[in-house]
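What follows is the residue order along each chain.
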Amino acid sequence: MIKTLFGLDQLGTPTALFLALLLGLAFGFALERAGFGSSRRLAGIFYFRDMAVLKVMFTAVVTAMLGLSYTVAMGWIAMEQVYLMPSVYGAQVVGGLAFGVGFVMSGWCPGTAAVGVASGKLDALVFLCGATLGSVFFNELFPIIRPLYAWGDSGTSFAFSSLGMSQGGFAFLFTLVAVGCFWGAEYVEKRVAGTGAYFKTRFLKAFSLALVVLSAGLLIFVGEKTGPEGSAAKAGMNEKALLQAIESAEDHIDPEALADRMVAGEEGLLVIDVRPPAEYAGFHLRGAVNVPIAELAAHLESRKNQGAVVLYSNGMTHPAQARDSLARGGHRNVYILTDGLGGFIDQCLKPASLRDEPVPQSVAAKIAAWRDYFANPDAPPARPVKVEAPKSSLPGLVATQWLAENLGRKGLKVIDVRDQKEYNGGHVPGALALNPESVRGNVEGLPSMLLPPGLLGSKLSLMGIEATDTVVLVYSGDKLRDATLVGMAFERLGHTGYAILDGGYEKWIAEKRPTGTLLPVVRRSNYSVNPGADTFTVDSRTVLAELKGGTIIIDVRPAGYFTGKKRDEARGGHIPGAVNRDFTLDLASTGNGASVKPTEELAAAYSTLVPSKDSPVIIHCRTGHQASQTYFVMKHVLGYLNVRWYDAGWTEWAARPELPVEP
Amino acid sequence: MGTNQEKYMNPYLAGVLLGLVLLASFLVLGAGLGASSGIARLGAFVEGCILPGHVRSTDYFGKWGENPLRYYLVFMLVGTFLGGLFSAILAGRTKIEVEKGKSFSSRNRLLLALGGGVIAGFASRLAQGCTSGQALTGSALLLSGSLIFLVCIFVGGYAAAWFVRRQWHD
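One line per chain: the protein sequences are U and P, in this order. Going left to right, the first sequence walks through residues 53 to 715 as the numbering used here numbers them. Going left to right, the second sequence walks through residues 439 to 608 as the numbering used here numbers them.
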């Protein structure tokens, strides 16, 4: 299959510009060979003196049409790979009539005038100056002519589908008309100018026969098909489009996802109905605006790459073409609704009771909510639903079920702390990606220290998070500590409204909950920092001072490091009097992921280390990362009250010779 | 040069050649031939040189960005000129002149060319293409609007032909 530069969205690349130049060379050469470097010859058609324009033009149209039809029929290229201009009947009738007047006045059209200038014709040069001026006038008058520019816009429309004919049949008739015109043109030339050199010649007979045979052959190849808009090809097209959507999906949005995002009142989401105004007036998705395809580019210019723009029509062909054309103009935030309006109605608005297959309770509830919202366009706009408080107190773990129910609600922010690659491949819809390492850095010579509150607040502001938001952190695999490290950042800011998704992303996936690849729409916030909230981070002086007291120091590094058998630092071993509890002991594998062990099991294990819930505890590891997990487990899962965190950990302790070490 | 210039190519064969170039454009670029877009972008560039801030704020040219000339159809227009030049030199058909009937003045012929140019330039923006982009390319794709545009060119042309016939009278 041929992939064109348009299909690859690479028409703006230097390669494309160079190839366009080469094709232009061939174009100019062909025009000049045909004698179109002469205005007298071009204008000849309007006085029946010289019908070359008709002969050359019709032959070229028929040749390219036959060539393209055969290449498509052979399966070498798909029509989606070719840019199809929209039909805007009103504008093209008025434009065509005016263009004809300009053509006969000047004897030139834009392409031939370029060849005319190359042939030394001063009138061609003057024509080109005029045409440039005409374009400038158009630009200046555009605000006034805009309605005319979009008058009769019908999107991509094939003549054969408009006439209800098959593509092969239409192409055959079109070729017969062309051949008829050739004979007519020769006859007229003979009568008017005494030329008509090819009238009844063997050449014209053979040429006519060749065209008719070739176009008749097309009947056999594509006669049954009625093109992308037709009914016969429709099922196949949709299936193919659907498969592609599943494969790449980057320019599609599923009806369910759109419904959720519209109901949630997502800021910056613009849904555009590109159907004719009459159909829009009949029914449209609540909140959708009506913009004809011809005006999309102008309409969306100010919103280029801001927020998500979703186009829908009855099918997917028109929005897909429009999306491609917008993508050529640099719009990267335009999506099309999978399966169009019909698909949306089937998937989201068809009552659960009318469906062929029974739907689960939770889905039925969703359908009812969607119907409530979309079927009553006159109802007052939905007030954004506030996120509800989870059953467990925060900070803590929250269930996937709770997150699914609250997704998209006001005041909920989801932060995905997995690798960016994993995030790009799919994430909880609306989740913000955050590299957990970005909350730490070098502070006064100590590496990988949690950043000061001011810096953390600035980061959260850039992510659009407010101090009042409920934040859910999503980890994957056994990387709970990535979530707890980011959790420490929230702790430092006194932001208690945060939770970690119990079971992580794997549980979310295993339960077949929604995912997406779209980036969230974020407006910067002004996170208000509470600078004095961190009373739990301690430094080496505090640890040293409490060594002789009753404070329990828990070293959560794997046992080998605790005993000094293994070491990555200057000195191995541990802080005198510290006890060891490997952080990984708190996790239970769930197959492909991991979650926090059952609370009773953990409570029993920790009660042997720490006598009571209010005993003073200091937790450390090498860099503070692993310790953040134990801190979370002890404080927020088990409810220990006096837990502190020695962030600098063994990295600092081992590197300071004055601090005591026990082997 | 008129004496030793070659005869034009057989129009049907020239048409086949043109059709094959168009087909190549479909298969390589995924878009057909065009000329008026290149001219309009030249207009946007020229207007931008004179009134830089203004053009960026207009609804039509504005969306073409800082550098309207970096577009494939601009390069195609340059190619068209060069290809025409190559062929014209090869055929001995280069002569600096104003093409017109002997009895018609050069000044009036140039005024008609200018007026026709302004109308054609304007109309091709309105119809989103000219003889190349709509009539030729769109018709080969069997697009409804393009075929209607093609018919309307001839209706408009024949309707106005009588009024401007004198420019070709010898």
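Hints in this document: simulated from the structure, not taken from any laboratory. You may find that some hints are simply not true.
[To be verified] Incomplete in silico selection of chain U near chain P, CB under 8 Å:
id, residue
1, M53
2, L57
3, G59
4, E84
5, K107
6, A125
7, M126
8, G127
9, G163
10, S187
11, A211
12, W235
13, G236
14, R492
Where is the CB? At the ideal position from N, CA and C, for every residue including glycine.
Verification of the hints:
no.	hint	verdict
1	M53	11 Å, violated
2	L57	5 Å, holds
3	G59	5 Å, holds
4	E84	4 Å, holds
5	K107	4 Å, holds
6	A125	14 Å, violated
7	M126	12 Å, violated
8	G127	14 Å, violated
9	G163	4 Å, holds
10	S187	4 Å, holds
11	A211	5 Å, holds
12	W235	12 Å, violated
13	G236	13 Å, violated
14	R492	40 Å, violated
When each numbered hint is compared with the structure, violations occur for hints 1, 6, 7, 8, 12, 13, 14.
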